[in-house]
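Student: What follows is the residue order along each chain.
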Amino acid sequence: MVNLTIDDKQVTAPKTATIYEAAKLNGINIPILCHDNKLKPFGACRMCLVEVEQMKGRQIPACTTPVTEGMIILTSTPDIVKARKMVLELLLLNHPIDCPVCDKGGDCDLQNLTYEYKVSANRFTDEKFHHEIDYNNPLIERDMNRCVLCGKCARICDEIVSFGALTFIDRGIETKIGCEFEGALNCEFCGSCVSVCPVGSLLARPFKFKSRFWALTKQKTVCGYCGTGCNLTLGVKDNKVLTTIYDDNQGFHKGQLCVRGRFGYQFINSDKRLAKPLIRRGNSLVESSWDEALELVAGRLKSGNVAALATPRLANEEIVLFKKLMELSGSKDYDHSAGYAHSALTEGFAKSLGATASPSTILDIQKSDLLLVVKTDAYETHPVVGFEINMAVKNKGVKLYILSDKRGKLARLPDAKTLLHTPGNEIALINAVAKTILDEKLAGASAGSVEGFVELEKGLSAFTPELVSAQCGLTADEIKQLARAYAAAEKPLIIFPVGLAYPGHNAEMASALANLAILTGKLGVEGSGILCMSEKNNSQGAVDMGFYPEAGAKNAIQILDGCASGAVKTLFVAGENPLVSYPDQTRVRNALEKVDFLVVSDLFLTETAAMADVVLPACSFAEKEGTFTAIDRRVQHFKPAIQKIGQSRSDFEIFSTLITLLGGRAPVSPAAVFAEIAAGVPGYESMNYATLGETGQFAKVAIKPVFNSVSLTASKAESGKMALVTGSALYHCGTLSQYGEGPMHVCPEGYLEISRTDAANMKVGNDDLLTVTSASGSAKLKARVSPRMPVGVVFSPYHFSDSSVNQFWSGAAVTWVTLAK
Amino acid sequence: MNPITPIMNGLKITLSHMFKKPITLQYPDERPKVAERFRGLHALNVSHDKAKCVACYLCPTVCPAKCITVEAGEDQNHDKFAAKYEIDMLRCIFCGYCVEACPVDAIRMTKEFELANYRREDFVYSKERLLEKK
Chain B
1 MVNLTIDDKQ VTAPKTATIY EAAKLNGINI PILCHDNKLK PFGACRMCLV EVEQMKGRQI
61 PACTTPVTEG MIILTSTPDI VKARKMVLEL LLLNHPIDCP VCDKGGDCDL QNLTYEYKVS
121 ANRFTDEKFH HEIDYNNPLI ERDMNRCVLC GKCARICDEI VSFGALTFID RGIETKIGCE
181 FEGALNCEFC GSCVSVCPVG SLLARPFKFK SRFWALTKQK TVCGYCGTGC NLTLGVKDNK
241 VLTTIYDDNQ GFHKGQLCVR GRFGYQFINS DKRLAKPLIR RGNSLVESSW DEALELVAGR
301 LKSGNVAALA TPRLANEEIV LFKKLMELSG SKDYDHSAGY AHSALTEGFA KSLGATASPS
361 TILDIQKSDL LLVVKTDAYE THPVVGFEIN MAVKNKGVKL YILSDKRGKL ARLPDAKTLL
421 HTPGNEIALI NAVAKTILDE KLAGASAGSV EGFVELEKGL SAFTPELVSA QCGLTADEIK
481 QLARAYAAAE KPLIIFPVGL AYPGHNAEMA SALANLAILT GKLGVEGSGI LCMSEKNNSQ
541 GAVDMGFYPE AGAKNAIQIL DGCASGAVKT LFVAGENPLV SYPDQTRVRN ALEKVDFLVV
601 SDLFLTETAA MADVVLPACS FAEKEGTFTA IDRRVQHFKP AIQKIGQSRS DFEIFSTLIT
661 LLGGRAPVSP AAVFAEIAAG VPGYESMNYA TLGETGQFAK VAIKPVFNSV SLTASKAESG
721 KMALVTGSAL YHCGTLSQYG EGPMHVCPEG YLEISRTDAA NMKVGNDDLL TVTSASGSAK
781 LKARVSPRMP VGVVFSPYHF SDSSVNQFWS GAAVTWVTLA K
Chain U
1 MNPITPIMNG LKITLSHMFK KPITLQYPDE RPKVAERFRG LHALNVSHDK AKCVACYLCP
61 TVCPAKCITV EAGEDQNHDK FAAKYEIDML RCIFCGYCVE ACPVDAIRMT KEFELANYRR
121 EDFVYSKERL LEKK
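One line per chain: the protein sequences are B and U, in this order.
Residue numbers for the first sequence follow the numbering used here, beginning at 1 and rising by one.
Residue numbers for the second sequence follow the numbering used here, beginning at 1 and rising by one.
Among the hints, erroneous ones may be present.
Straight-line Cα separation of at most 27 Å, BS3-like style, residue types lysine-lysine; simulated pairs [what the hints assert, rightly or not]:
{"id": "1", "chain 1": "B", "residue 1": "Lys-104", "chain 2": "U", "residue 2": "Lys-84"}
{"id": "2", "chain 1": "B", "residue 1": "Lys-210", "chain 2": "U", "residue 2": "Lys-52"}
{"id": "3", "chain 1": "B", "residue 1": "Lys-639", "chain 2": "B", "residue 2": "Lys-254"}
{"id": "4", "chain 1": "U", "residue 1": "Lys-33", "chain 2": "B", "residue 2": "Lys-218"}
{"id": "5", "chain 1": "U", "residue 1": "Lys-50", "chain 2": "B", "residue 2": "Lys-208"}
{"id": "6", "chain 1": "U", "residue 1": "Lys-66", "chain 2": "B", "residue 2": "Lys-208"}
{"id": "7", "chain 1": "B", "residue 1": "Lys-82", "chain 2": "B", "residue 2": "Lys-56"}
{"id": "8", "chain 1": "U", "residue 1": "Lys-127", "chain 2": "B", "residue 2": "Lys-237"}
{"id": "9", "chain 1": "U", "residue 1": "Lys-66", "chain 2": "B", "residue 2": "Lys-210"}
{"id": "10", "chain 1": "B", "residue 1": "Lys-644", "chain 2": "U", "residue 2": "Lys-84"}
{"id": "11", "chain 1": "B", "residue 1": "Lys-240", "chain 2": "U", "residue 2": "Lys-20"}
{"id": "12", "chain 1": "B", "residue 1": "Lys-491", "chain 2": "B", "residue 2": "Lys-417"}
{"id": "13", "chain 1": "U", "residue 1": "Lys-50", "chain 2": "B", "residue 2": "Lys-210"}
{"id": "14", "chain 1": "B", "residue 1": "Lys-208", "chain 2": "U", "residue 2": "Lys-52"}
{"id": "15", "chain 1": "U", "residue 1": "Lys-33", "chain 2": "B", "residue 2": "Lys-104"}
{"id": "16", "chain 1": "B", "residue 1": "Lys-272", "chain 2": "U", "residue 2": "Lys-84"}
{"id": "17", "chain 1": "U", "residue 1": "Lys-66", "chain 2": "B", "residue 2": "Lys-644"}
{"id": "18", "chain 1": "U", "residue 1": "Lys-127", "chain 2": "B", "residue 2": "Lys-210"}
{"id": "19", "chain 1": "U", "residue 1": "Lys-50", "chain 2": "U", "residue 2": "Lys-33"}
{"id": "20", "chain 1": "B", "residue 1": "Lys-128", "chain 2": "U", "residue 2": "Lys-52"}
{"id": "21", "chain 1": "B", "residue 1": "Lys-118", "chain 2": "B", "residue 2": "Lys-24"}
{"id": "22", "chain 1": "B", "residue 1": "Lys-237", "chain 2": "U", "residue 2": "Lys-33"}
{"id": "23", "chain 1": "B", "residue 1": "Lys-82", "chain 2": "B", "residue 2": "Lys-9"}
{"id": "24", "chain 1": "B", "residue 1": "Lys-218", "chain 2": "U", "residue 2": "Lys-66"}
Everything labelled a hint here was simulated from the structure, so no lab data went into it.
Based on the sequences and whatever the hints tell you, model everything.
Tutor: If you want it as C-alpha cells, here you go:
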C-alpha cells in the first residue's frame, strides 16, 4: 500500500493501482470515457486529466499513471475543468447531436459529461462524419458517426473475448472502428462491445427503440442458462423484460456476459408462453382451470407407480419440493439430465473425492499456473468461464493444455498445446498421463499412502504412453510432455464440461481426472484442483439436493424403459424436453406414447408437452424467487423481475399445491425450504436465505481422496464411417435457448460440422443438405465446413427440435455414421 | 350613517352596469377570444407530410400527470418515429411541460378548449387525432 493525497484527502491505495483506481477506491470520482474495470489502461479520451504537484503542475492522465508514495493530486482545479471542457468540445465537434433519436440517451457517458461540465456551445466548427451505418446485423447495430474512439470495444473483444472482431482501421482524422476489410460483423455476438460502448455507436438491436434507459426498472438476478451462474441485471418495463443491463461491478465476471445471457432473454416474454393449464380430451389439449388440472394430477399421483424427471433449471427449493412430492406418492424413481449428465459428480467424484461437487472454483482459474482442459467445448458450454481462461492465459501467462477431439477457440490461444486425439479416447489418454507420472516418479510424496494406490498402479499397467498414443493418433512424447508439465506445475487446474451432449464425460472420466490430481497432490491448494462444469444453471444444485436415484431406484433411462414396459403408470416431467434432448428419440417417443398418464410442467408447449395428458404452465426464473447453485457451488439468491405471465405458476406453487392435495404439509415459502436445505445439505450449513444476496456464498466441499482405477476402451472404429461427436453450440444452452430470439438469429438450426478434407472428398459445400445415418436412425442436416474438425470426425450440436440429433444418436460418446448427399 | 346610503350606493353600481358592455358571453352563439399563449388541446406538428415527433420519450418523462404514452418504431430508413402517441385528456393538467421539453418542436398547444365527450375512451387522443389539421 502507498500513501497519497487526493484533493486534500489522505488516502491509501495498492501499489499496483493507477491514480484513477486509487481515487475511485476512495470515493473520488474522476470523469472518464475510455476506462472499464476489466480492461487494461489505455489513455485515449484525455478526460481524466489531473494535476500532480510533484510533476510541476502538468496535467497527466489519471488512468495510465501509477500511484507513487507521497503523491499530491488535484482532480478538479479551474485549469483542469477548462481542459476537460475543451476535450468535450473537441469530441462533440464530430459527434452528431442526435440524442433525441439515439438509443443511448440517458445512459450515455458523453451526454452525462457534457451536461456535468455545462458544455452548451462549441468554439470550433467542423463537418460531421458520414460513415455508413451497419443495420444489417440482427443483434448489433454499428454507427461509427457517433464513435469517440475510446477503443473499449476493440479492447474487450481482444483482451477478454479473444475474438478480435473489431479494431481501429484507417489513420488520422479518418480513423474508425471496423471489422477486417470493412466487412460485416461476423463474430460470437456476445455483445461485450455493446456493453462497454460509452456512446451510441454500438447498440443492441433487439432493444432498439424499445424504451429509454431511465424508464426501465433494473432487477438484479442470476442467469438462467448455463451453470456458470453469472449475475445479470434485467431491464423491465410494463411487465416485460426488454433488455439486459451492463453493470461492471456485478459478480466475479464483472458484468461480462455471453450471447445467450445478453441476447437470449426473449423467451421470458415470448408469445409462445403457455398461459393456462391444458388437459387432453380425445386427441387435443384443451384449456382448463388450475383446480381441475391439479385435482386430476393429484388423483394419478395417489394411485401409485409414479416416476419423475426434472430439469436442473428448477430452483433448489423447487427440487426439494418435487422430491417431497415423489416421496408422498410413494416413489423413489426420480432423476434429471437423462441420468448420465450428472454421473461425473454423483458417481465419479462421489467415489474418488467422497463429495458430489468440484473442490475448485471458477476463481481458481486466475490463480492457477497450468490449466488442463478436456475438450475445447469447455468454451462453448460455459462461455464466461471461457473468458476467464482467455484472461488467465493472455494476461497471466497461465499454461494451457487441451485434450480434445477437435480444435476450437481455446486451441487458438497463445501457446495453447492441444493434444488432438481420435474421438472417445479421453480416458485412455488421461490414464496414460497418470501412468507416465507414476513411471517417471513424478507423483506427490503422499500419493502412496492414499487408499487404492496399489489397485491404481495395477490398473494403469496397460496404459503405457506408447500403446495409448498409437490408439489416439498422438505421439508418446506429447503425452509424456503433458504429464511432466502437469506434475511440474505448482497449481494446475483441471477443467471439464459435462452435459446431455457429452455422454463420454462420465463417472469414469471424472475418476480418471481425479486420480491425476490426487496422484500429484495438486488438490486442496488455492488455484489447483479439478472443476467439473455441469451444464444447466442449477445442475450442481439438483445434485446437492439429491435429485437422483438412490441405489435400487430407477434412473432416467430406466424410468423411460419402465414407461414403455408398463411398470411406470404416471410420469411427471418438470421442465425437461426428453424428446429432443435425451438420446435415442425412438426410444423416448415410444416410452412417452406408452405411459398411461404424462404430466408436463413447462414454459412452452414443447414436443414432450404436446404428448402429455396434462400440461401445467410454469414460469421462468424472472418470475419467481429461489436459489441456484453454480458449478463451483456458489449458491445465489434471485428475485422476481416481473409478474407471472398469464395464469402461469412457479413450480414451487405447483408442487406445494399438489403436496397439500396429497395430504402432506407444504412449506409456506422458498425461504422456509431453504432453511431446511441449510439444516440438511452438507456445505450449506452457515447459509441464510435473507443474507445470501445475488453475489451468493460458496458451499464448502469437504473431500476425502481415494484412487479409483478406471479403464474404458473407446468403441472400435468402423471402416468407411465417420465418427460423430455431439456437443453444445456456443449460442445455445439446452433446448430453452431456442425460444430466445438472440441465439436464434445467429444459430437458427442444427448443423453438421465437417472437415475441409472430407467436404472436398464428398464435394460438399456449406449449407448442403446431408443425410446422416447411424445404426439407430437417420436425419438430414446442413453441412458446415470447418477448419477445426479433424479428418473423419463430424460434430453436431443437440439443441434443436427440427432435425434433432437424437434421431440418429443413441447416447454413445462416439456414434459411427455414414453421410450421403 | 344614514341607513339609506348603502342601498343607494348599491343601486348606483347596478345602474352603472346598464350602460356598460355585458361580460357574459352567449356561448355557443358567441365565442370567447382566446389568449395568445392559451394552453388547450395538443397538436403534433407536421413537416414533409410526417409528424415531426421522433419519439425521444422526453414528454412522457417530464409529464407530471403521466398522461402521455409513446411507443417508438423503426421506419424503412431505420429512423425513429412514434408508432403510438397518446394523450389521456382526463389526466392532462395542461401544464405545457411537454411542449417545453420537446427538442424538435413536434408538439404545441392549440387554442382548442372544447374537449367534452360522451365516453371516457374518447378522451384518450390517438396520434391521428392529435396531428395538426391544415
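Student: Decide, hint by hint, whether the structure agrees.
Tutor: Hint check results:
no. : hint                  : verdict
1   : B:Lys-104 x U:Lys-84  : 21 Å, holds
2   : B:Lys-210 x U:Lys-52  : 19 Å, holds
3   : B:Lys-639 x B:Lys-254 : 20 Å, holds
4   : U:Lys-33 x B:Lys-218  : 49 Å, violated
5   : U:Lys-50 x B:Lys-208  : 21 Å, holds
6   : U:Lys-66 x B:Lys-208  : 23 Å, holds
7   : B:Lys-82 x B:Lys-56   : 18 Å, holds
8   : U:Lys-127 x B:Lys-237 : 22 Å, holds
9   : U:Lys-66 x B:Lys-210  : 18 Å, holds
10  : B:Lys-644 x U:Lys-84  : 26 Å, holds
11  : B:Lys-240 x U:Lys-20  : 64 Å, violated
12  : B:Lys-491 x B:Lys-417 : 18 Å, holds
13  : U:Lys-50 x B:Lys-210  : 21 Å, holds
14  : B:Lys-208 x U:Lys-52  : 20 Å, holds
15  : U:Lys-33 x B:Lys-104  : 45 Å, violated
16  : B:Lys-272 x U:Lys-84  : 24 Å, holds
17  : U:Lys-66 x B:Lys-644  : 25 Å, holds
18  : U:Lys-127 x B:Lys-210 : 18 Å, holds
19  : U:Lys-50 x U:Lys-33   : 31 Å, violated
20  : B:Lys-128 x U:Lys-52  : 23 Å, holds
21  : B:Lys-118 x B:Lys-24  : 23 Å, holds
22  : B:Lys-237 x U:Lys-33  : 44 Å, violated
23  : B:Lys-82 x B:Lys-9    : 23 Å, holds
24  : B:Lys-218 x U:Lys-66  : 20 Å, holds
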